[in-house]
Amino acid sequence: MAKVIEISSLSLGFERDKQLLTVLEDLNLAVEKGEFISIVGPSGVGKSTLLRVLAGLTSAFTGDVNVLIEKSKDKRPFSMVFQEARLLPWRKVLHNIMLGLEGLPLDKAHKEKRASDALQLVDLTDCADRWPHELSGGQRQRIGIARALAVEPDLLLMDEPFGALDAITRQGLQDELLRIWRETGKSILFVTHDIDEAVYLADRVLLLAGSPAHVTTEYNIEVPRPRQRDGAELVKLISEIRTGLSDSYSYGAGI
Amino acid sequence: MSKAKAITLSVVGLLAFLSIWEGFSRSGVVKQTLVPPPSSVPTALISEIELGFWQEMVMASLSHYSVGLLIGSVLGILFGVSMALMPRMAASLAWTVRILRPIPPLAWIPFAIIWFGVNETSAAFIISIGIFWINYFAALTAVQAVDKDLIEVAKAFGHRTAYARLTKVILPAALPGILGGLRTGLGQGWMTVIAAELFGIPGIGQRMIEASGLLATDVVILYMFTIGALYGVTDYLFVQVQERLLAWQK
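First to last, the sequence lines map onto chains D and Z. Going left to right, the first sequence walks through residues 1 to 255 as the numbering used here numbers them. Going left to right, the second sequence walks through residues 1001 to 1250 as the numbering used here numbers them.
Rather than coming from a laboratory, the hints here were simulated on the basis of the structure. Even glycine gets a Cβ: it sits at the ideal position worked out from N, Cα and C. Worth double-checking, as some hints may not be accurate.
Unchecked claim - Here are a few chain Z residues that sit away from chain D, every Cβ distance over 10 Å (derived from the structure):
{"#": "1", "residue": "1091"}
{"#": "2", "residue": "1157"}
{"#": "3", "residue": "1173"}
What the hints assert, rightly or not - Only pairs whose alpha carbons sit at most 20 Å apart, straight line, appear in this in silico SDA-like list of lysine to any residue:
{"#": "4", "chain 1": "D", "residue 1": "92", "chain 2": "Z", "residue 2": "1248"}
{"#": "5", "chain 1": "Z", "residue 1": "1155", "chain 2": "D", "residue 2": "182"}
{"#": "6", "chain 1": "D", "residue 1": "75", "chain 2": "Z", "residue 2": "1248"}
Stated by the list, open to error - Okay, the calculated bits of chain D under chain Z, using three or more residues with CB under 8 Å as the criterion:
{"#": "7", "segment": "65-71"}
{"#": "8", "segment": "222-235"}
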C-alpha cells in the first residue's frame, strides 16, 4: 500500500508561566492510503494537538509533515471534523458544506455538485435547504462530516467526533462512518477517548502517552469487518488496550 | 399567542389608553389647554396640512434624521468592528472613548453652531453623535463575542486571511448584535432629532416650540403623535428587514 502522509520527528511545545512545556516529542507516524487509524491516550496528552498541527491550526511545531500524494488544486490534503459540529448557524446546510470549497478554483456549479455529493454520502440530501438549528445533534455531526468530505481530503482528521452524542446515535454514526470510509477509500485519523470505539473502527490503534507524548504502543486490529461489537476478539483487544492506557496514566501524563 | 390575538390586544390597549386620556381631558379637572384631548389632533392635523407646515416639517426632520442616522450608524459600526479587531488600537483609545462617550449629543450644540451654523448639517451632526456611540458599542461587543471556534473552523477549511475571516465568520456572526445596535439607534435618532431642532433648525422640533409659545397645545400633541408614528413606521420596517436577515436564528 502507498503511504499518504508521513509525519517524522514532530515536536511541539508552548509557553506557560514562562516555562516551555513540550507536549509532543519526536512523534513519527505514517498513514497508508485508505487506512483507518484511531488514536487513544490520556486526556490532555496532545491527541487533539496532533490533529491541529495537521489541520494547519497551529504552526508552532518542528519536524516534518509530508503529504506524499500528488497535490491537486481542487482538493485539500487535510480536513477536520470537530467534537461539536461547529456548523455556521447563518448558513443553510448545503452552503455550510461548501465552506471548504470556497477557496478552491472551482466554478459555482461544480462546488454545488461536490457539496450535494457529500451530502448524499452522509444520507441527508433532504436537509440541504435547512438551517443547522433545525437538525438533531447526530444530523449536525453528519453535516460536519460531509463538509470535511467535500474538499476530498487525503486524510480526514476526526477529533472525538461522536464524543458529545448519546450512545445509540454514536453507534449509528460509527457504522455510517465505516460505510463512508468503505465507499470513499479515505484515510482517517480518528482521535477518541472511547477504547471500544477506537477498536471497533480502526485498522490500527495508536496509544499516545508520556510527557512529552509520543506513540508508545501500536495495536493492529486484524479483525475482519463487519465486526461484532461484543465479539471475543474485540473484547480481548479492548481489554489489552485498556490496560495499556491505565498504565500510561501512571506514566506521568496529565489527568 | 396567535398573531391575530396579539394584534387585537395591542389595538384594544391603545384604544383604552386614548379613551382614558380623552375622558380625563374632557372631565374639566384641568384646563383643556394643559391637557388637550386626543380627539383634537385630527383637526390640528388638517389645519397644519392646509397651512403646509406638517409636510414641510416632516420632510425636514426626516432629512436630518436620515443623514444623521446614516453617518452615525456607518461610522459607529465601522469603528466598533475595527476596534474589536485591533485590541492595541482599542487599548490606546480606551480613555478617549471613556471621556467622549458620556457627553450628551445636545452638549455639542454650541460647537455644531460654531462649526456648521444653524442649519441642516448641524442637526445631522448632533443626531449622528448619539447614534454613533450606540452603534459603536453594539458592534464592538458583537464582534468581541464571536465564537472563536467558528473562526477556527474557517481557518481549518482554508480561510486564513483577515479578510476571509471577516467576511466568512466575524461579520455574519456579529450581525445580530450589530442590527440590535442599529435598531436602538433608530429610536435614539428620533429623540435627538427633535431636541436638535429646538434651537432653531426648521423641523418638527422647531414647530413644536413655536406652537407651545402660542399655547397651541393641540398642535404640540399632533407633532408628538407624528414623531411616534414616524418612529413606529421606521421601527416596523426595520424589524421586517431584520427578521429576513436573521432567519437563521431560532
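Comparing the hints with the structure gives:
1. With a cut of 10 Å on Cβ distances, residue 1091(Z) stays outside the contact zone with chain D, its closest approach being about 22 Å.
2. With a closest Cβ-Cβ approach of about 4 Å to chain D, residue 1157(Z) is found to fall inside the 10 Å limit, against its non-interface label.
3. Its closest Cβ contact with chain D, about 7 Å, brings residue 1173(Z) to no more than 10 Å, contrary to its assignment away from the interface.
4. In summary, the hint linking residue 92(D) to residue 1248(Z) is supported, as the alpha carbons are separated by about 8 Å, within the 20 Å threshold.
5. Taken as a hint, the residue 1155(Z) and residue 182(D) pair is broken in the structure, with Cα atoms around 28 Å apart against an allowance of 20 Å.
6. Using a Cα cut-off of 20 Å, the hinted pair residue 75(D) and residue 1248(Z) is violated, with the two alpha carbons roughly 29 Å apart.
7. Look at the segment 65-71 of chain D against chain Z: 0 of its residues bring a Cβ nearer than 8 Å to a Cβ of that chain, fewer than three, so the hint is violated.
8. Check result for the segment 222-235 of chain D against chain Z: violated, 0 residues qualifying (beta carbon to beta carbon below 8 Å, three or more required).
Checked against the numbered hints above, the structure breaks hints 2, 3, 5, 6, 7 and 8 and satisfies the rest.
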